[in-house]
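Participant: Chains as they are written, first to last, in our numbering: chain A, 1 to 365; chain B, 1 to 365.
Treat the hints as calculated values from the structure; they're not laboratory data.
Computed from a predicted model, the values in this text were never measured in an experiment.
Just so you know, not all the hints are guaranteed correct.
Identical chains blur together in the list; that is why a pair holds if it fits in one copy or across any two.
Below, simulated PhoX-like cross-link-like pairs (lysine-lysine); rule was C-alpha separation at most 25 Å, straight line [to be verified]: (1) K299 to K29; (2) K166 to K184; (3) K331 to K306; (4) K166 to K207; (5) K332 to K299.
Number of protein chains: 2
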Amino acid sequence: MKNLNKSEDEEIISKITGLGTGVVEDIAKHKNPSIQIPQRGIGNVDFNSETNLLTMGDKMSSRSFFNIAHSKKFLQTMLIASKCKDFVGRGKTASIRELYYQLKHTISGTKENTFDDQSESDPLIVDLETSLEVLREELHLKADDKGTLIGNIVLEDSGDVIDCSKLGRSGLAIPSIIEHYNFKKIKADYVLVIETGAMFDRLVEEKFHLNNNCIMISTKGQAARGCRRLVNRLHNEQNLPIIVFTDGDPWGYYIYSVLKAGSMALAHESARLGTPGAKFVGMTMSDVDSYGLENVTEKLKDVDKKRIDELLNYPWFQKKEWVAELKLMKKKGVRIEQQALASKSLEFVAEEYLPEKIAAGTLLP
Amino acid sequence: MKNLNKSEDEEIISKITGLGTGVVEDIAKHKNPSIQIPQRGIGNVDFNSETNLLTMGDKMSSRSFFNIAHSKKFLQTMLIASKCKDFVGRGKTASIRELYYQLKHTISGTKENTFDDQSESDPLIVDLETSLEVLREELHLKADDKGTLIGNIVLEDSGDVIDCSKLGRSGLAIPSIIEHYNFKKIKADYVLVIETGAMFDRLVEEKFHLNNNCIMISTKGQAARGCRRLVNRLHNEQNLPIIVFTDGDPWGYYIYSVLKAGSMALAHESARLGTPGAKFVGMTMSDVDSYGLENVTEKLKDVDKKRIDELLNYPWFQKKEWVAELKLMKKKGVRIEQQALASKSLEFVAEEYLPEKIAAGTLLP
Numbered sequence: 001m002k003n004l005n006k007s008e009d010e011e012i013i014s015k016i017t018g019l020g021t022g023v024v025e026d027i028a029k030h031k032n033p034s035i036q037i038p039q040r041g042i043g044n045v046d047f048n049s050e051t052n053l054l055t056m057g058d059k060m061s062s063r064s065f066f067n068i069a070h071s072k073k074f075l076q077t078m079l080i081a082s083k084c085k086d087f088v089g090r091g092k093t094a095s096i097r098e099l100y101y102q103l104k105h106t107i108s109g110t111k112e113n114t115f116d117d118q119s120e121s122d123p124l125i126v127d128l129e130t131s132l133e134v135l136r137e138e139l140h141l142k143a144d145d146k147g148t149l150i151g152n153i154v155l156e157d158s159g160d161v162i163d164c165s166k167l168g169r170s171g172l173a174i175p176s177i178i179e180h181y182n183f184k185k186i187k188a189d190y191v192l193v194i195e196t197g198a199m200f201d202r203l204v205e206e207k208f209h210l211n212n213n214c215i216m217i218s219t220k221g222q223a224a225r226g227c228r229r230l231v232n233r234l235h236n237e238q239n240l241p242i243i244v245f246t247d248g249d250p251w252g253y254y255i256y257s258v259l260k261a262g263s264m265a266l267a268h269e270s271a272r273l274g275t276p277g278a279k280f281v282g283m284t285m286s287d288v289d290s291y292g293l294e295n296v297t298e299k300l301k302d303v304d305k306k307r308i309d310e311l312l313n314y315p316w317f318q319k320k321e322w323v324a325e326l327k328l329m330k331k332k333g334v335r336i337e338q339q340a341l342a343s344k345s346l347e348f349v350a351e352e353y354l355p356e357k358i359a360a361g362t363l364l365p
Numbered sequence: 001m002k003n004l005n006k007s008e009d010e011e012i013i014s015k016i017t018g019l020g021t022g023v024v025e026d027i028a029k030h031k032n033p034s035i036q037i038p039q040r041g042i043g044n045v046d047f048n049s050e051t052n053l054l055t056m057g058d059k060m061s062s063r064s065f066f067n068i069a070h071s072k073k074f075l076q077t078m079l080i081a082s083k084c085k086d087f088v089g090r091g092k093t094a095s096i097r098e099l100y101y102q103l104k105h106t107i108s109g110t111k112e113n114t115f116d117d118q119s120e121s122d123p124l125i126v127d128l129e130t131s132l133e134v135l136r137e138e139l140h141l142k143a144d145d146k147g148t149l150i151g152n153i154v155l156e157d158s159g160d161v162i163d164c165s166k167l168g169r170s171g172l173a174i175p176s177i178i179e180h181y182n183f184k185k186i187k188a189d190y191v192l193v194i195e196t197g198a199m200f201d202r203l204v205e206e207k208f209h210l211n212n213n214c215i216m217i218s219t220k221g222q223a224a225r226g227c228r229r230l231v232n233r234l235h236n237e238q239n240l241p242i243i244v245f246t247d248g249d250p251w252g253y254y255i256y257s258v259l260k261a262g263s264m265a266l267a268h269e270s271a272r273l274g275t276p277g278a279k280f281v282g283m284t285m286s287d288v289d290s291y292g293l294e295n296v297t298e299k300l301k302d303v304d305k306k307r308i309d310e311l312l313n314y315p316w317f318q319k320k321e322w323v324a325e326l327k328l329m330k331k332k333g334v335r336i337e338q339q340a341l342a343s344k345s346l347e348f349v350a351e352e353y354l355p356e357k358i359a360a361g362t363l364l365p
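Just chain A, same shape as in the assembly (with noise of 0.2 Å):
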């Protein structure tokens, strides 16, 4: 089954086969065999303040073959490069899970095995990612899957046509990889992104897809890549308005930021997962006040209160409307849920809170 067009896939395997001829080469002139990978981690992520991106820098690292501290995770890349390669030769895809266990075993004469924890794959797939510049999703490997999806969009996915605003109450389970999706009719006016499953159900329930015409995803906590790149996809190929809602939180705030601009693990993905464009209705600390729900809120915890501050830090959380957020978050000791909005009542959310504060465009940048 296809994900992604032949064309695309021809181009993968054109980089995979270019990595290895570059190590034959070497080998050929009697040279230390090695290859060039971007380096990870917070001394090498940027933020672009224009593009609002989180995006990779310029530090290169070298593995190559003849250093003994290299050798071994050298081989373990050649052998994801090759095993990647033969997954888009032959159409597939598979887990990173899969992929661990199709290359494990025992190097012959040897009591050594490739692998021994797919902790020692995981990070060989992100290098290989970063090296060669392409997306998980373009080597055929795939992350979880989370997330529902309903409202006003007709989808094709492998060749069936999919009415999104016929499913019920149940909505369509967003896989993990949506490059095959083709968006073939779509009505809505935006697009709600929710972070909890049961705000999402009350929505549904409230019909609030259907009465204001948009399409509503639930990403069950953090997005998945799925799920990312959906909402990407949408915003950028259908200029679909990204309007997300979380709880009033830390972690909230931090689903919204990844959604928007990236994360630090995925940097060199940004511009594919990420989605600048989009805003931010609630929970925020000013709808304590204006809503009167000071006696549905939570204390913070110390925990709550460390991912405060690593968010202030945050070159991506400083802009002046998240900065007396957070601050206010800390001065008033408090969180608050999604669903302690149903302390005014169940229809509340639906009726009044997000079509008053959407119309009012009083939203988070």
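Fit chain B to the supplied structure of chain A, relying on the hints for placement.
Facilitator: Then chain B, alone, in the frame of chain A:
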């Protein structure tokens, strides 16, 4: 939006009203108002080896208003009962967190809150379920949703007719309440229930559901209530065989046992959430030898060993096949994952392992 039919809703309302009437009558007679609640926990859970279901025993506790240790809980139980009656009457459903937020308030003239934490309301919901002998879903309360459905089944959900064989590689997200599902047309031969999302993805990619004419359900770990109820209904109402496929470890085996016999915490709902007719296809410890998978097993950790011993003590694991399996696991000292089958080939699970075992009927009871 309705979840249950009108007459069932009326029956629930009448049960709740009956509870309230009893309390009012006690008050009128100047008696100490009290309610009877079945005891919970292992001490009041029996395993019925004939039905193969965990059931609740008949030990009861009394909760009365003029007992200082009970009076707050008595008040809280009444508040929950009253709010559920309201939900059912209005045709609304709520998450158990929303219920908590709806009821949390400061009692006027005091500094006392009705509830300070959801951990106070959750167990009282179960009290109410057991004393009224109703399902949580019948009280219009929702648990979290989880799980995906795909295959040859057409169902009606809230007026929409959904053909689950035409959902591409995405599948239908299984909601927390599926009482309202109306099965329109089923051509499948059996239901395959799969523990991990990644294995579900693999089987979708291999078109296992189409090539083997089955319905596939992914539980993504321990099955949520909606998922368990769906499996129960497909078996009991549609006579579909249920085949469960989990990791080969005590955690996977427990996921199977909960699907089959019910759980201790929800023993009062076993008949509607458990499916005694379910069978188990793998992974088994015997598979490790049969398929030469020794090299892709993982060493048992202490926590795994402890869990195996617990399972060996549960009455519902006393079938000889399961005792043998658990003892073999201890003896080998290893566990094995579903995805370890990828060490043979990506297609192996779909083209050989599952079809061979299912055709041969080598399933565990």
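Participant: Compare the structure with each hint and give your call.
Facilitator: Verification of the supplied hints:
1. K299 to K29: neither (65 Å within a copy, 44 Å between copies)
2. K166 to K184: both (15 Å within a copy, 15 Å between copies)
3. K331 to K306: within (14 Å within a copy, 46 Å between copies)
4. K166 to K207: So K166 and K207 pass the 25 Å test inside a copy (12 Å) and across (24 Å) alike.
5. K332 to K299: Result: close within a single copy only, 9 Å intra versus 49 Å inter.
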